[in-house]
Amino acid sequence: MELDFIDNVNEFGENMVRLYNFDMAEAILFRDLIQTVVIEKKAKLNLAEVDFIAPRNCHLIMGLFKEDEGIFTLDSQTFYCALTLSGYEEMLRRIEPFCTKETISHRYLYEIDNPTDLLFAPAGTW
1 MELDFIDNVN EFGENMVRLY NFDMAEAILF RDLIQTVVIE KKAKLNLAEV
51 DFIAPRNCHL IMGLFKEDEG IFTLDSQTFY CALTLSGYEE MLRRIEPFCT
101 KETISHRYLY EIDNPTDLLF APAGTW
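For the sequence shown, the positions run 1 to 126 when UniProt numbering is used.
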């Protein structure tokens, strides 16, 4: 699984943090990691420290917040995924189809009015 940041993906100046180049086994590992670290332990999860994730041009830190804010950054290199407990539970529901069969489809992991989306795409495309 690889992690990168793509700036200005459309005419609205929106951006995306993308998790891509993975199979069903890694989708399961990612889902279980969010469940264990973020939801159960209520700890921060730095994806750059996960052995099966290769950060390309950014880092992503996931953690619980009081409101669903989505992804934000101060420097376009370190990104923070700020979601509530229910926001992360919804993310797990969005990841689940990738854990039951191999696919090349893609899915955004949250629906928040935010300039930076989080794309989950095994083949890397959207």
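Be aware that one or more of the hints could be misleading.
As the list claims (entries may be wrong) - Cut-off 30 Å, straight-line C-alpha distance, at most; resulting in silico cross-link-like pairs (DSSO-like, lysine-lysine): (1) Lys66 / Lys101; (2) Lys44 / Lys66; (3) Lys66 / Lys41; (4) Lys44 / Lys101; (5) Lys41 / Lys101; (6) Lys101 / Lys42.
These are calculated hints, taken from the structure and not from any lab test.
From a predicted model like this one, the values you see are computed outputs, not experimental measurements.
Hint check:
{"no.": "1", "hint": "Lys66 / Lys101", "result": "violated (33 Å)"}
{"no.": "2", "hint": "Lys44 / Lys66", "result": "holds (14 Å)"}
{"no.": "3", "hint": "Lys66 / Lys41", "result": "holds (16 Å)"}
{"no.": "4", "hint": "Lys44 / Lys101", "result": "holds (28 Å)"}
{"no.": "5", "hint": "Lys41 / Lys101", "result": "holds (28 Å)"}
{"no.": "6", "hint": "Lys101 / Lys42", "result": "holds (29 Å)"}
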